[in-house]
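Trainee: This is what each chain is made of:
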Amino acid sequence: MREITLSKAVNEALAEEMRRDPTVLILGEDVAEAGTPFKVMSGLVEEFGTERVIDTPISEPGFVGMAVGAAMTGARPVVDLMFGDFLFLIMDQLCNQAAKTHYMSGGKLNVPMVLRTNLGATRRSAAQHSQSLQALVAHIPGLKVAMPSSAYEAKGLMKTAIRDNNPVVIFEDKLMYQDKAPVPEEEFLIPFGEAHVKREGSDITLIATSSMVQVAEGVADLLETEGVSVEVIDPRTIVPLDEDTLLKSVRKTSLAIVIDEGHQSYGVTAEIASRLNEKSFYHLDAPVQRMGAMDVPVPFSPALEDVTVPTVETVAQTARKLIAREMFDAA
Amino acid sequence: MREITLSKAVNEALAEEMRRDPTVLILGEDVAEAGTPFKVMSGLVEEFGTERVIDTPISEPGFVGMAVGAAMTGARPVVDLMFGDFLFLIMDQLCNQAAKTHYMSGGKLNVPMVLRTNLGATRRSAAQHSQSLQALVAHIPGLKVAMPSSAYEAKGLMKTAIRDNNPVVIFEDKLMYQDKAPVPEEEFLIPFGEAHVKREGSDITLIATSSMVQVAEGVADLLETEGVSVEVIDPRTIVPLDEDTLLKSVRKTSLAIVIDEGHQSYGVTAEIASRLNEKSFYHLDAPVQRMGAMDVPVPFSPALEDVTVPTVETVAQTARKLIAREMFDAA
Amino acid sequence: MPAKSKTPSNTESYLQMYRQMVRIRAFEDQANKLYLSAKMPGLTHMYSGEEAVAVGICEALTNEDRITSTHRGHGHCVAKGADFKAMFCELLGKEEGYCRGKGGSMHIADQSHGNLGANAIVGGSMGIATGSALRAKLQGSDDVTVCFFGDGATAQGLMYEVMNMAALWKLPVIYACENNGYSEYTKTEEIAAGSITARAEAFGIEAFKVDGQDVLAVNDLSQSLVARCRKGEGPFFIELETYRYHGHHVGDINREYYRSKEEETDWKTNRDPITRFRATLLEQGIVTEEQVEAINAEIAQDAADAVAYALEAPYPDVSEVDMHVYAA
Amino acid sequence: MPAKSKTPSNTESYLQMYRQMVRIRAFEDQANKLYLSAKMPGLTHMYSGEEAVAVGICEALTNEDRITSTHRGHGHCVAKGADFKAMFCELLGKEEGYCRGKGGSMHIADQSHGNLGANAIVGGSMGIATGSALRAKLQGSDDVTVCFFGDGATAQGLMYEVMNMAALWKLPVIYACENNGYSEYTKTEEIAAGSITARAEAFGIEAFKVDGQDVLAVNDLSQSLVARCRKGEGPFFIELETYRYHGHHVGDINREYYRSKEEETDWKTNRDPITRFRATLLEQGIVTEEQVEAINAEIAQDAADAVAYALEAPYPDVSEVDMHVYAA
Ligand SMILES: Cc1ncc(C[n+]2csc(CCOP(=O)(O)OP(=O)(O)O)c2C)c(N)n1
Ligand SMILES: Cc1ncc(C[n+]2csc(CCOP(=O)(O)OP(=O)(O)O)c2C)c(N)n1
Ligand SMILES: [Mg+2]
Ligand SMILES: [Mg+2]
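If you read the sequences in order, they're chains D, F, Z and C.
Per full-length UniProt numbering, the first sequence starts with residue 1, numbered consecutively.
Per full-length UniProt numbering, the second sequence starts with residue 1, numbered consecutively.
Per full-length UniProt numbering, the third sequence starts with residue 1, numbered consecutively.
Per full-length UniProt numbering, the fourth sequence starts with residue 1, numbered consecutively.
Isolated chain D (complex conformation) (with noise of 0.2 Å):
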């Protein structure tokens, strides 16, 4: 299968949707002439004029606001949200109106919109352009949120996100934009609360979001070489959250890690920890593990900033505990 980054199948997934839907439409920052910062809206003006990719002001609150509404009367509008951190300004059009309009008006108003931003430290932005606030999105019913971890996911998501009928908040790793992976050449999508077992193991299970797949995978190398057999699960969106597969999974290896990008306290590990320790404790050797960013402002200084995310080498060492029951926290 061809290979394609994650930037272009982003792109891909806009254009397509955008020649299947007039009524889908792209507001952001520098999204048209420069097609975003990252480069990945590049030719969509082109092909689809300042009237469907418009660029707008730097008034995050305003165009989320302004999509919101324009969702209720007939449009599909994807918002480009330049970082992850800027959800802190936009939180009350996105989580006041925007995931409750539905609920509110008993049924009869939609918000059809997507919001596209993105997560991930170790670019060396500092504390305000390297968040991934995904837990805060997850906490507040009427959103759905999704997390690709590579460029088949990021396109399959985004297409299947632009179809639903509800706000849908979508985190891209910034850091994996230029990543290639195998997608295919026909359209296809990517249902949301359906897992993917990206690797099956029979030892422990590693259940990991976007940036923290390919940490998850190359611990499964790792270990692999240590004869430890690792089952790796990409959630792919944590609202809604596909339990059944990662209770299987656990079920089966009795040993459980979840790691997410996000700060780890009151993040999206606790809500996968929980659940899986509430429906699947009599299974389990040790109690699920936890493994998401430090509760620390992301650092600029590169001797700093690397230690604050899990790493193959840190996750490993959890595993390699766990599977030697050494988790004497738990006693």
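Treat the hints with care, as some may be off.
[To be verified] Restricting the straight-line Cα-Cα distance to at most 25 Å, the calculated cross-link-like pairs of lysine-lysine (BS3-like) are:
1. D:39 to C:170
2. F:8 to F:180
3. D:39 to D:180
4. D:180 to D:252
5. F:198 to F:252
6. D:252 to D:198
7. F:39 to Z:268
8. C:231 to C:261
9. C:33 to C:231
10. Z:261 to Z:33
11. Z:187 to Z:268
12. D:108 to Z:137
13. C:209 to C:231
14. D:279 to D:321
15. D:198 to D:180
16. F:39 to D:279
17. C:209 to C:268
18. F:108 to C:137
19. D:39 to D:159
20. C:137 to Z:187
21. Z:170 to Z:231
22. C:137 to Z:170
23. F:198 to F:248
24. Z:187 to C:209
25. D:108 to Z:170
26. F:248 to F:321
27. Z:209 to Z:268
28. F:198 to F:159
29. F:39 to Z:261
30. Z:209 to Z:170
31. D:279 to F:252
32. F:252 to F:180
33. C:268 to C:187
34. D:108 to D:198
35. F:108 to C:85
36. C:170 to C:137
37. Z:137 to C:187
38. C:209 to D:39
Derived from the structure by calculation, the hints contain no laboratory data.
Since the structure of chain D is already known, use the hints to place chains F, Z and C with the ligands on it.
Mentor: Here is chains F, Z and C with the ligands on its own, set in the frame of chain D:
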């Protein structure tokens, strides 16, 4: 001991700290002559004047940002955010600015400010005036989060918050402003990070925050009549979290339910349950149970709203199942 | 640029405006009674006194045109064509309410008449309204969107963000600032520096100030701005000087510490939009005293009937609680 | 109201302004080199071309006065008195940096000289600056706060919220809009409707437009506004017309799709603030060619030395990673 309302307790805390420290000031909508819509601040402007009790326009991001700047340069602002739901409007100033300034400046700048706001449904205030959003701020390193459960805690935690050199968010239960509790006449502070064992018991631990402490105590009363001894613990601050006290209890009782009024998914209960599972796994007879609000926007209709939050009945039912070892889900 | 009323030309439209204003007043009187008799869950914000604003504007709109509304939204909802029964059912949290009881007073929406909903976040609907206008422009539809908001909402930064985009892209949206002199318990001059219309003008938006108690003045101006919006000459901004008769919400009874009884009485006796328009109608011989009284009585009865109906109507089944979180 | 330069009066202050502008340019040249030679982590935004803005304003301030800065913040930092070594150390993530390497270019702060910090959220510091001014007023302190921000930041609603409060409460804050014609890859006229100064005036704030390439014009205006702020006549707004010589950030090399080489050359050759001021200094006999060259050489050497120092300086110990999350 004399009994005063939660409203009065907060009022006293503010007045005492403003008398003690001339740099303390209050910013918010209708805080002066009106004394806030919940009448929490009545009388303060008369004593401290409009220079220190400042009525703002309806500009939440603006006045929270101003509080950050005032705090960075030598004032100790207490910001009144009329409803917890408005947190979504000020997340950038709170989470990108206030929370990170001390760290980003390498410890050179401090942001000693307090954001007091509220939580709680069942007031028929519908989806945008009923949320309990503590999980969101607890996820952000650099913020401390206090959740008083009665007038006593409301006073003691507020005084501690004002003296803290960090941004602190305090969530009061908006349904509890008129509830009375014993509060000493003499000055007292409640340190952050010290959970309070409200009631000792040996069969099961209920860990409850804010509004849910009353519910937990109701459950304890009820189950006592059934011969069950319930321990009720109020963490009082969820950041920092007093793990030791919680763990000690759970290791004793071997059963626990965590109750919080925020949405259950990706919420506060997940973090607390995860920590307990991780660190007392081999002491547990059943997985730690979580009870949060339903994952739905808060409905207006009284017929629907009341079922969205944990109640004495629903918590008691879960407790009974746990005690009877009937958590089939976990099988 | 202050606008002023022209002479009447259309009996039917005048009567319709009168009726709609009386309907709003009747609705609010009943809603207030429901609160006072402890039959209404929660609090609500009365529109009484401001009727000429909603009616003058909405009578310049078609069913295809959209509005966004506020926490003080009953007036907009009635003016945009809503039905009493479905409204009272919503206020009481009943299944037959416009939102199946899930929204209540502060989120009442009436999709069928283009009301995109009340909003409990002050200023919260400014993006929505502007986005609706963007959609209209992109899809080549000639509908216009009116964004209602209060003077207090001019303190929300969102307004300036969306006015900038509306102006840059010439969107068919009208910003209607209902300046009733107060936001909650604070006078407008204490929270608004400079000039509200100048703020819109600074973005290159034509702005008007109009007497919000004069339904004809409001309607004339609205007619012309709506027509100009349809021709691509939007956006526009209108500041409407008006007054709320009740407290900030139904529970705000003791108001003297922030506004005087004399001020209230003055507005109610000398500037009431319904009394004034009724006088005009009589003067111009469009109706007789008897006809007016008959209209009033009929509407009062309608409102009372709708309340009785809503009080008896069933609540949604509890199984609805987790319906409508996500659309299919 | 356009302001214009007056005749010189103070050799020392002129030389100081010249020196500070050259220091900024030298700093940025070195920073750019560090990027191009892959020695700098991350990206950074060059201030070159805009020196007269930061220097003209900051030379009107004392150490007690505060500023807030932006993502393009090196110029403000140098102009407010910062030291090259601690700055380069910060840019390289070293322990001796102003923020112990934790902030980097986009968060550089220099508390000792009243620089409350760069900010990576466009417009993010507008509240902070206004709050600093509120603190000054409440505590009876006569310091002034200057809020630097770009033309792009005028699209952030926060600006209007805080201008309203600054105007209502007469706060000693100066909003300094560095209009360099672009926000990222977009021309200002495509993202800003109407008039930027009119937006401030609509809130009752006196607003000025000044040639940001003329350090004397900027300084004269700033001196007078700072003095007026100290007397309680603030707030004020200044729009400074200027230009950035480099790309939006150091990695933005191919710019022709959004701005022409000719335009860049025109600004650099005909409106360079340093060249212009140097000519003035020579013309007025304040310095000789040799003295200017000596100043330039000395500063260039300082910058080079500071870079060499910073490259050798140690990173913070990894144990610092969870220090400074909370203050004691
Ligand atoms: C963002 C936000 N802040 C504060 C409130 C609380 N609040 C509700 S109505 C209101 C006053 C609004 O004043 P105005 O916009 O003039 O409308 P009016 O009530 O006068 O019609 C306030 C402060 C809110 N609902 N939303
Ligand atoms: C809230 C926010 N939105 C978007 C960005 C991305 N961004 C960084 S700088 C910039 C342009 C800023 O333009 P302007 O304010 O004119 O400053 P300049 O770069 O021209 O100095 C943008 C869009 C950001 N950092 N913060
Ligand atoms: Mg008002
Ligand atoms: Mg610019």
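Trainee: With reference to the structure, classify each hint as holding or not holding.
Mentor: Here's how the hints hold up against the structure:
| no. | hint | in the structure |
| --- | --- | --- |
| 1 | D:39 to C:170 | 45 Å, violated |
| 2 | F:8 to F:180 | 9 Å, holds |
| 3 | D:39 to D:180 | 15 Å, holds |
| 4 | D:180 to D:252 | 32 Å, violated |
| 5 | F:198 to F:252 | 16 Å, holds |
| 6 | D:252 to D:198 | 16 Å, holds |
| 7 | F:39 to Z:268 | 29 Å, violated |
| 8 | C:231 to C:261 | 46 Å, violated |
| 9 | C:33 to C:231 | 44 Å, violated |
| 10 | Z:261 to Z:33 | 21 Å, holds |
| 11 | Z:187 to Z:268 | 18 Å, holds |
| 12 | D:108 to Z:137 | 23 Å, holds |
| 13 | C:209 to C:231 | 22 Å, holds |
| 14 | D:279 to D:321 | 23 Å, holds |
| 15 | D:198 to D:180 | 16 Å, holds |
| 16 | F:39 to D:279 | 45 Å, violated |
| 17 | C:209 to C:268 | 21 Å, holds |
| 18 | F:108 to C:137 | 23 Å, holds |
| 19 | D:39 to D:159 | 19 Å, holds |
| 20 | C:137 to Z:187 | 23 Å, holds |
| 21 | Z:170 to Z:231 | 10 Å, holds |
| 22 | C:137 to Z:170 | 41 Å, violated |
| 23 | F:198 to F:248 | 14 Å, holds |
| 24 | Z:187 to C:209 | 33 Å, violated |
| 25 | D:108 to Z:170 | 29 Å, violated |
| 26 | F:248 to F:321 | 22 Å, holds |
| 27 | Z:209 to Z:268 | 21 Å, holds |
| 28 | F:198 to F:159 | 21 Å, holds |
| 29 | F:39 to Z:261 | 22 Å, holds |
| 30 | Z:209 to Z:170 | 21 Å, holds |
| 31 | D:279 to F:252 | 23 Å, holds |
| 32 | F:252 to F:180 | 32 Å, violated |
| 33 | C:268 to C:187 | 18 Å, holds |
| 34 | D:108 to D:198 | 39 Å, violated |
| 35 | F:108 to C:85 | 17 Å, holds |
| 36 | C:170 to C:137 | 9 Å, holds |
| 37 | Z:137 to C:187 | 23 Å, holds |
| 38 | C:209 to D:39 | 35 Å, violated |
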